[in-house]
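Number of protein chains: 2
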Amino acid sequence: MLRTHTCGELGRAQVGKEVTLCGWVDSYRDHGGGLFVDLRDRYGMTQVVFNPPDTPADIIDESKQLRAEYVIQVTGKVSERPAGMANPKLSTGEIELRVTKFKLLNKSLTPPVSPNANAQDMPNEELRLEHRYLDLRRPAMQRTLLLRDRIVKGMRDYFAEQGFIDVETPVLGRSTPEGARDYLVPSRVSQGSFYALPQSPQLYKQILMMAGYDRYVQVARCFRDEDLRADRQPEFTQLDLEMSFVEADDVIGVIDGLVKEIANDVLDLDVKLPLPRMTYDEAMERYGHDAPDLRYGLELVDCTDLAAKSDFRVFSSVAASGGRVRAINAKKGAEHYSRRGIDALTEYVAGFGAKGLAWFRVEADGTLTSMIAKNFSPELLKEFGARLKAEPGDLLLFVADEWKITCKALYALRTKIGAEMKLFDPRAMHFSWVVEFPMFDFDDEEKRWVAMHHPFTSPRDQDFAILDSNPGKARAKAYDLVINGSEAGGGTIRIHDPGVQQQVFSLLGIDEKSAEERFGFLLRALKYGAPPHGGIALGIDRWIMLFGGLDNIRDCIAFPKTQRASDLMTGAPGAVEPKQLKELGIKLNV
Amino acid sequence: MLRTHTCGELGRAQVGKEVTLCGWVDSYRDHGGGLFVDLRDRYGMTQVVFNPPDTPADIIDESKQLRAEYVIQVTGKVSERPAGMANPKLSTGEIELRVTKFKLLNKSLTPPVSPNANAQDMPNEELRLEHRYLDLRRPAMQRTLLLRDRIVKGMRDYFAEQGFIDVETPVLGRSTPEGARDYLVPSRVSQGSFYALPQSPQLYKQILMMAGYDRYVQVARCFRDEDLRADRQPEFTQLDLEMSFVEADDVIGVIDGLVKEIANDVLDLDVKLPLPRMTYDEAMERYGHDAPDLRYGLELVDCTDLAAKSDFRVFSSVAASGGRVRAINAKKGAEHYSRRGIDALTEYVAGFGAKGLAWFRVEADGTLTSMIAKNFSPELLKEFGARLKAEPGDLLLFVADEWKITCKALYALRTKIGAEMKLFDPRAMHFSWVVEFPMFDFDDEEKRWVAMHHPFTSPRDQDFAILDSNPGKARAKAYDLVINGSEAGGGTIRIHDPGVQQQVFSLLGIDEKSAEERFGFLLRALKYGAPPHGGIALGIDRWIMLFGGLDNIRDCIAFPKTQRASDLMTGAPGAVEPKQLKELGIKLNV
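So the protein lines, in turn, are chains A and B.
With our numbering applied, the first sequence corresponds to residues 95 to 684, in that order.
With our numbering applied, the second sequence corresponds to residues 95 to 684, in that order.
Rather than coming from a laboratory, the hints here were simulated on the basis of the structure.
What you are looking at is a predicted structure, and each value in this text was computed from that prediction instead of being measured.
Quick reminder that beta carbons are idealized off the backbone N, C-alpha and C, glycines included.
Possibly wrong hints are sitting among the right ones.
[As the list claims (entries may be wrong)] Result set (SDA-like, lysine to any residue): computed pairs, CA atoms no more than 20 Å apart in a straight line:
1. A:K673 x B:G286
2. A:K676 x B:G286
3. A:K247 x A:D359
4. B:K681 x A:V670
5. A:K621 x B:L160
6. B:K201 x A:K673
[Unchecked claim] Listed next, with one range per pair, are the computed distances between beta-carbon atoms:
7. A:R123 x B:Q596: 27 to 37 Å
8. A:K158 x B:D321: 49 to 59 Å
9. B:Q596 x A:E441: 55 to 65 Å
10. B:A151 x A:K607: 38 to 48 Å
Using the sequences and the accompanying hints, generate a full structural model.
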């Protein structure tokens with residue numbers, strides 16, 4: 095080793111000892127006669143002093159060339175800092191190293207991304223990604239990647255203790271187009287054929303259950319060739335697991351235990367189990383969303399019956415045509431939102447399809463006032479107030495529309511108001527489950543049922559009977575883990591009966607030929623003694639973001655891609671040689 | 095949970111308890127009045143009895159339909175087996191479960207690959223791979239995958255304890271053709287550009303050192319689009335690590351510790367440290383190979399000086415033209431190999447380029463006899479005998495050729511004789527290091543130097559001076575871990591000086607423009623304070639093969655590819671829809 099210690103471990107205990115450190119010059123201060131250097135590595139920072147009489151004159155001379163990010167090796171005695179010079183903020187703040195030997199290990203150009211930049215001096219993200227080797231030196235990035243290591247290690251240990259076996263599934267798989275777009279890999283050996291990178295190890299993990307592995311876990315890289323949103327990456331990592339002879343409660347119970355352990359380890363948080371659960375129907379009714387942020391209330395309240403009684407045409411006509419009139423009560427919102435503020439909210443919900451935002455302020459005497467108040471009898475207004483638990487100073491906000499739009503618009507509104515009125519501690523963590531999702535969603539464009547999770551999801555026992563007759567009402571053995579309003583994981587109990595699997599395929603418009611082509615091996619495997627099984631996948635990148643309190647998924651990943659799916663450091667994707675394409679039996683068609 | 099216990103945990107302690115088990119019918123025996131089932135899961139096997147009076151008549155009736163691999167749930171009392179019926183070979187052999195409740199969870203067709211087939215009844219590998227869900231039920235496959243899980247977990251734990259941080263590097267990278275062929279992934283967003291799947295995380299891990307992560311580890315999936323040999327897979331897994339501020343000894347020391355820990359944990363073996371090391375030059379001289387099997391001796395002995403003195407033209411002319419005459423002494427080989435046996439050996443070494451195999455038998459009186467003996471004086475024969483420590487009954491085998499061919503032919507011969515004469519215990523494990531490989535190998539076809547490891551490898555300090563003047567003599571800071579004659583890992587100390595990196599690139603014929611195009615980001619990163627660093631990669635699949643005593647790499651992998659790089663279960667690679675290709679801006683050119 096080129097060093098005896100790291101830059102983070104020396105203290106009073108080592109005073110008098112000769113040690114050798116290696117690291118980067120974080121900062122340096124030339125005091126004329128000598129030089130002070132803050133020497134940095136992953137473990138910390140140590141003050142290194144080039145000063146007579148300890149340091150020979152030639153070394154002091156040499157040290158004068160040091161600049162930020164130079165890499166050096168220094169040997170010397172650990173010494174107590176002079177009286178009054180201790181730095182209580184540093185773990186090594188009581189000592190310094192007085193240099194007697196010195197070696198310059200490497201120089202550095204002036205770094206365009208400074209590892210010790212203040213937040214306000216941070217260069218733009220493009221420059222940071224281009225020079226990721228410098229950006230990754232920033233303490234904030236190092237903390238995040240260390241946190242990631244710790245969380246993933248914690249997960250692995252937890253599942254190992256629970257008897258899960260880690261099995262690697264292939265990256266070079268088969269394209270089974272369903273949902274997202276596959277990344278394809280042309281085969282050289284079988285020209286004209288392609289591998290696909292896995293969107294998840296879903297079918298392999300089900301196969302492992304059929305092969306009797308009982309409890310499988312993997313930290314799996316997955317791939318989706320989608321147009322990237324801010325929080326999506328073309329490759330992402332999921333904690334993937336599957337269990338045999340279980341019901342939804344068992345999978346949920348295992349993950350409950352994981353949440354408790356990780357939250358305790360990483361955040362020193364005591365999470366009470368079992369985590370709260372609500373059904374999908376309840377979540378949509380109370381929050382308008384299937385992954386509600388439960389760090390605060392601000393629930394949606396249905397007022398369709400009251401709206402039907404009003405003379406306000408917008409309300410009554412929506413109620414009459416089978417739509418919904420729903421509202422949220424922004425407590426003390428009347429003070430927070432001026433008339434102009436409410437206009438901004440109205441404009442905001444329009445972005446989610448709402449044609450308008452009706453509102454009432456609650457006056458000191460409890461009456462509701464608004465431009466539209468004249469359309470409501472005082473009695474009816476009282477009923478609205480009672481329904482919404484209105485108190486003086488509150489702001490009542492209504493959206494009247496078809497059900498889906500009231501959900502979207504009001505959940506967006508709730509989120510905006512929650513943030514603007516600071517209704518929760520942003521460091522707070524809330525974990526919960528949403529369960530019993532619909533089996534199917536009707537795709538209005540394609541006029542057909544699509545799987546809400548995926549086509550291998552089992553309906554609830556009581557819903558087998560209505561699967562064909564009323565698919566929209568059928569609920570699945572499905573469960574999503576929600577952290578702070580983000581879907582942090584999703585799973586289902588799978589179909590283990592080959593007949594039911596065929597039935598669900600056919601409901602989804604996948605005919606027998608196509609099912610055989612795409613999922614033939616699964617259908618065959620189901621016929622050789624498939625056990626009841628189910629599992630879940632947790633989004634690791636998302637977990638790191640939530641547990642690290644970060645707001646950019648790229649900060650959770652060592653080498654992320656941009657929203658154009660490119661790696662600014664290496665320049666991937668890039669051009670390849672014509673010979674490579676020829677060998678693969680493909681040519682460009684751009 | 096659908097069960098209270100697994101099929102592997104019940105014993106005397108649970109007698110009298112009501113339990114529920116789930117599992118597969120491994121075998122069944124109909125005794126007229128009732129049925130005995132061996133119920134199997136990952137954890138073991140339990141005898142389940144459908145018999146009056148415990149089992150109701152309707153359940154006994156139902157049970158008669160059970161066949162191999164049916165999946166069932168049974169409830170009943172754990173009972174001691176009747177006197178004399180205990181099975182001491184089973185951990186659950188003292189008890190049986192007397193069924194009171196029963197549920198058929200799934201049926202099975204007659205499996206074409208039987209999970210409990212004897213070795214001699216094993217279907218061919220193609221059928222096994224096609225029905226991998228059945229093949230993976232075989233106890234041997236389950237043992238291997240559990241071993242794999244345990245070894246990989248052991249590695250992760252070991253490196254975590256040593257302060258390594260697990261960082262995920264991208265799978266969608268940049269093509270930098272060097273050595274093996276890349277798998278390519280067409281980009282949809284940047285049509286005409288391609289990602290490459292990583293052949294190793296080499297550059298990323300070096301970047302992580304430059305970013306100050308100090309100790310990195312990852313279990314990384316890697317990809318090579320090569321024509322597959324028996325022990326190669328298109329995707330494979332390596333334990334990849336890198337360390338800063340270290341020398342070769344430090345990396346070797348860390349891996350020594352790992353070997354000791356895994357061998358102890360998995361094989362209950364006490365490995366003495368440090369593991370033995372020899373230089374590449376010594377390995378080639380003594381064994382003719384850079385990853386010699388050291389479970390037995392049978393070393394190569396140079397006899398060129400003696401050969402030069404003989405009248406045997408084959409020997410003397412090779413010696414005169416700068417070639418080598420080398421031999422192995424197969425102790426007691428004269429008894430083992432008849433004249434016909436020696437002919438077979440001669441034919442065998444011809445496959446490795448040797449034009450012939452000269453031999454002597456050592457007679458009871460110590461004289462050497464052979465058809466060619468007349469070309470040698472008795473004194474010279476004595477010298478040969480002494481050099482080779484010949485004793486009565488030995489067989490001396492010579493190859494005279496250029497150095498490379500003597501290495502290849504004699505190492506092959508040594509391996510063949512070692513196996514045929516059973517010179518070692520096949521369960522024995524031997525770990526060692528080969529160090530100080532040449533920096534470069536001269537490619538006779540392309541008439542240029544190529545990197546022996548890769549172009550980022552540092553020369554030994556004393557060899558910087560001869561790098562340009564005598565590249566063939568320069569030795570690298572390189573080290574390979576050898577287990578039983580297999581390369582189980584390889585690593586190097588890397589170049590951290592941008593000038594040296596340029597120099598090595600130019601020796602390899604990579605001009606500045608090409609270096610910039612392919613490795614520009616690395617060259618830039620080297621200029622911003624790169625620390626001295628080095629690392630290693632261990633082949634996990636190979637480790638499993640060696641520690642599991644297996645001879646087929648496909649048996650170490652849950653879902654392997656064939657030698658045609660296809661997955662017989664899923665049918666990957668497969669056809670894709672024209673729409674998919676169009677979106678990617680490519681078309682077939684088959």
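Cross-check of the supplied hints:
1. A:K673 x B:G286: holds, 14 Å
2. A:K676 x B:G286: holds, 14 Å
3. A:K247 x A:D359: At roughly 11 Å apart (the allowed maximum being 20 Å), A:D359 and A:K247 satisfy the hint.
4. B:K681 x A:V670: With a Cα-Cα distance of about 16 Å, the restraint between B:K681 and A:V670 holds, given a limit of 20 Å.
5. A:K621 x B:L160: With Cα atoms ~14 Å apart, A:K621 and B:L160 stay inside 20 Å; holds.
6. B:K201 x A:K673: With Cα atoms ~52 Å apart, B:K201 and A:K673 exceed 20 Å; violated.
7. A:R123 x B:Q596: 27 to 37 Å: holds, 34 Å
8. A:K158 x B:D321: 49 to 59 Å: The hint (49 to 59 Å, Cβ to Cβ) holds, given that A:K158 and B:D321 are roughly 58 Å apart.
9. B:Q596 x A:E441: 55 to 65 Å: For B:Q596 and A:E441 the Cβ distance comes to about 58 Å; the hint holds.
10. B:A151 x A:K607: 38 to 48 Å: holds, 45 Å
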